[in-house]
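> Sequence:
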Amino acid sequence: MRVGALAVLEQVAAQADSPESRVALAAARAEVAVARAEVAAGLARDEAERFASNAGGGR
Numbered sequence: 000m001r002v003g004a005l006a007v008l009e010q011v012a013a014q015a016d017s018p019e020s021r022v023a024l025a026a027a028r029a030e031v032a033v034a035r036a037e038v039a040a041g042l043a044r045d046e047a048e049r050f051a052s053n054a055g056g057g058r
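Final position of the sequence shown in numbering that gives the first Met the number 0 is 58; the numbers increase by one with none missing.
Because the hints were derived from the structure by calculation, they are not lab data.
For each residue, glycine too, the CB sits at the ideal point set by N, CA and C.
Incorrect hints may appear among the rest.
[What the hints assert, rightly or not] For each label pair, taking beta carbons as the anchor points, the in silico distance ranges come out as: (1) S20 to S52: 33 to 41 Å; (2) A4 to R49: 22 to 30 Å; (3) E46 to G3: 21 to 29 Å.
Just need the whole structure built from these sequences, with the hints factored in.
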């Protein structure tokens with residue numbers, strides 16, 4: 000949900016054209032990138048835990 004809200008902020012900031020809005024756009028893009036990285040890390044962690052819990056017993 001956080002990524003979606005930040006993506007909306009990014010779109011709004013992209014529509015304005017001033018130095019301040021460019022800074023806001025860059026900040027919003029950075030926040031979106033961080034949020035996406037956090038989601039990806041969580042998915043990778045979940046997959047690693049799932050793999051570890053099945054190690055040796057999956058066959």
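> Run every hint past the structure and note whether it holds.
We went through each hint and held it up to the structure:
About 47 Å separates the C-beta atoms of S20 and S52, a value inconsistent with the hinted range of 33 to 41 Å. Roughly 29 Å separates the CB atoms of A4 and R49, a value that falls within the hinted 22 to 30 Å. For the pair E46 and G3, the beta carbons lie near 23 Å from each other, so the given range of 21 to 29 Å is met.
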